[in-house]
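Residue numbers (the working numbering), protein chains in the order written: chain A, 15 to 453; chain B, 32 to 350.
Don't take each hint at face value.
[Stated by the list, open to error] With a straight-line Cα cutoff of 30 Å, these simulated BS3-like cross-link-like pairs (lysine-lysine) come out: (1) K79/B <-> K147/A; (2) K57/A <-> K94/A; (3) K182/A <-> K297/B; (4) K264/A <-> K94/A; (5) K437/A <-> K147/A.
[Said to hold, decoys possible] Restraint ranges, calculated between C-beta atoms of paired labels, are given here: (6) P335/A <-> S316/B: 53 to 61 Å; (7) Q262/A <-> T253/B: 34 to 42 Å; (8) R310/B <-> S177/A: 52 to 60 Å; (9) S316/B <-> E258/A: 50 to 58 Å; (10) R237/A <-> R143/B: 52 to 60 Å; (11) D192/A <-> R256/B: 48 to 56 Å.
[Stated by the list, open to error] Where chain A lies over chain B, by a calculated footprint (3+ residues, C-beta under 8 Å): (12) 268-277; (13) 280-293.
Keep in mind the hints are simulated off the structure, nothing from the lab.
We put the beta carbon where it would ideally sit given N, CA and C, even for glycine.
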Amino acid sequence: MSTCTVFENVRLIDPASGLDRQGRLLVRDGVIVGHDLPDAEGKPEGAEIVDGQGAVLCPGLVDMRVEIGEPGHEYRETVKSASRAAFAGGVTTVAVLPTGSPPIDDPAMVRMLRFRGEEPDYVSILPYGALTKGCQGAELAEIGLLSEAGAVAFTDGNRAIASARQMKLALTYAQAFDALVVQHPEEPTLAGGCATEGELALRLGLPGIPTAAEAIMIARDIRLVEMTGGRLHFGHVSTGEGVELIRQAKARGVRVTCDTAPQYFDLNETAIGDFRTYAKFSPPLRREDDRLAICAALADGTIDAIASDHAPRDPDDKRLPFAQASAGGTGLATLLGVTLTRYHDGTLSLSDALALLTCRPAVLLGVNGAAARGGARPVGTLAAGAPADLCLFDPDRAWQVIAGELPGHAQNTPFDGRALEGKVMGTWKNGRRVFGGAA
Amino acid sequence: MAEASSGGSRFFGPSDRHLLGIQGMHPSRIEPILDLAESYALLSRSRKTPRDLLRGRTLINLFFEDSTRTRTSFELAGKRLGADVVNMSVAQSSVNKGETLLDTAATLNAMRTDLLVVRHSQSGAPALLAQKVDAAVINAGDGTHEHPTQALLDALTIRRHLGRLEGLTVAICGDIAHSRVARSNIHLLTSMANKVRLVGPLTLVPRSMASLGVEVHHSMETGLRDVDVVMMLRLQKERMSGGLIPSAREYFRYYGLDQRRLDLAKPGALVMHPGPMNRGVEIASQIADSDQSVIREQVEMGVAVRMAVLDRLSRGGRS
């Protein structure tokens with residue numbers, strides 16, 4: 015027996031196809047059937063009707079950079095609690111970093127994570143494979159076997175591949191599997207500090223990380239990509255100098271891409287205030303001119319995706335002297351709201367903002383179409399035949415971020431107290447409602 | 032004649048003193064060695080080799096790198112022709128005491144050696160020795176440069192089975208970048224109008240190798256299609272610890288020779304391996320032991336080819 019859902023009275027936005035208009039969407043058995051179906055007269059018998067009340071219906075968000083506590087740090091977060099946070103934020107697919115404990119450098123671990131995400135109540139998981147064994151930066155991981163098991167891309171998470179030779183080998187070897195390599199763009203020997211080098215760090219007496227640490231690594235790796243003919247993605251870029259290098263490389267036809275995270279276009283280094291460890295990140299929050307440069311790079315398309323960079327931390331990880339505190343903040347529940355600040359201030363159109371959260375990361379990870387990597391479901395699209403992973407949100411409805419009241423277990427948001435416009439009303443995975451009551 | 036030739040002459044031939052490499056060697060100088068080797072193969076089988084041919088000649092196997100099969104092969108070749116064979120391996124030599132390569136050469140020269148078979152981990156080491164000794168130098172493998180007798184024995188094995196040594200398509204698979212066997216085979220096979228394909232992961236078969244006049248493939252499925260010969264190379268464990276490939280199991284999954292992949296080659300295609308094999312890493316056991324495998328015959332032809340080379344290189348002095 016088939017089950018049908020009709021989304022009525024919604025503004026359909028599908029950046030993958032350029033669709034943006036009022037309409038209806040028909041879902042049958044968890045799969046999108048088509049737009050403007052059924053016609054007004056013929057609603058399928060027994061169909062569930064969802065009245066969107068004019069809100070936006072878009073593909074469920076695809077978050078390409080997420081840490082969850084599993085495996086190894088379940089006290090910080092589990093797949094279950096991360097799923098609650100994700101669904102509340104309209105996120106239906108997360109690409110999970112391989113830096114858990116143990117690291118995801120074995121095909122069996124990739125399958126384990128993927129299968130967790132196939133449970134109906136849990137957010138879909140696209141596992142990253144470790145780029146090097148144990149994410150130690152010394153020996154290549156089994157990129158071929160990990161790809162076959164379902165790894166969508168390869169990275170050592172927040173550990174940069176420090177050795178130029180190792181990066182050259184990775185970029186070279188990965189080509190046979192068309193595997194995407196993702197780099198943490200910081201030259202590690204310069205990144206030993208905990209705040210951006212400059213007056214603020216000087217006054218606070220914190221060891222600094224120069225912004226050039228990013229540019230140096232990006233420049234080196236661009237050169238290696240040109241040399242090997244490989245393909246490289248830079249995670250969470252945060253400096254103007256860094257995005258300018260990527261902009262120029264793209265103009266030359268070099269196969270590099272990048273993403274950024276909400277904290278780098280919505281916060282600057284002043285957020286660390288008086289040693290506020292909840293605003294400690296890696297890379298660190300930057301000066302205002304860098305934040306503006308990231309906004310500009312979002313607007314001109316240099317940046318290919320926005321990822322939450324979700325990093326659950328326990329209070330005990332954060333209640334430490336600044337330099338000793340763990341870096342990272344939660345981001346799943348606030349991803350859409352913070353991204354929409356750039357729509358409300360005119361930096362991005364609504365469709366472009368959503369593209370950065372849906373189809374563009376899906377394309378980067380190779381999970382956008384029928385020929386999705388490793389047999390993964392196509393996501394980030396409202397095309398007929400795609401699974402009905404959907405996000406219904408009101409771009410103008412305001413809400414306030416309150417640490418302690420966020421969905422999910424981890425509460426270490428850097429946006430505590432922030433008023434955001436853009437609230438998720440409902441989230442569906444495979445056509446089944448996983449967040450929100452009556453819209 | 033050999034005495035009259037210049038010391039700088041590198042290649043085997045009527046006027047050449049040494050066998051340092053295949054590169055630059057004309058097919059007209061290769062064919063006679065193979066013909067001679069073929070006759071030595073038959074004589075070896077009937078145990079009627081000319082034991083007096085190299086009587087009174089001294090052959091020193093100078094091995095700076097461990098090798099059992101190549102050294103033994105040269106030793107047998109020398110003995111079957113009646114030479115006095117001495118094995119020097121680095122473990123017993125004064126090299127470990129700090130002697131330079133050229134001092135070693137001077138020492139060996141003073142011993143009036145006629146034939147010097149050299150294996151060294153450094154490319155070009157036999158060529159350096161050749162400049163300093165009176166003996167005929169035979170390169171038994173230098174670094175990642177050449178292993179000429181291996182290419183000759185491979186050529187002989189192919190010719191015996193397929194009846195010709197031209198117009199064939201040969202796939203050489205594995206760690207080409209670090210292989211002297213591959214280089215010598217590439218030179219020999221391309222000089223005789225064969226098509227050579229190199230197959231392996233990008234880290235072991237860089238695209239730039241196409242400049243050697245070969246096709247470069249990074250997938251066994253395309254690389255083995257319709258080939259006459261599949262030559263597998265040994266995968267050194269150092270390639271894994273050196274980070275060039277992740278693991279033996281991943282290597283075998285994508286670049287190991289199994290039945291499914293061999294079926295892409297021409298029916299009856301030859302399977303070759305210079306040995307020693309890693310079963311289950313670069314080659315499946317059933318392939319190594321199959322009817323298509325000529326791996327053991329390669330070893331037999333190795334002795335015959337080395338006999339032919341020793342014979343030719345000592346002719347000058349024999350007059």
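Numbered hints the structure breaks, given as an ascending list
Of the numbered hints, 1, 2, 3, 4, 5, 8, 11 do not hold.
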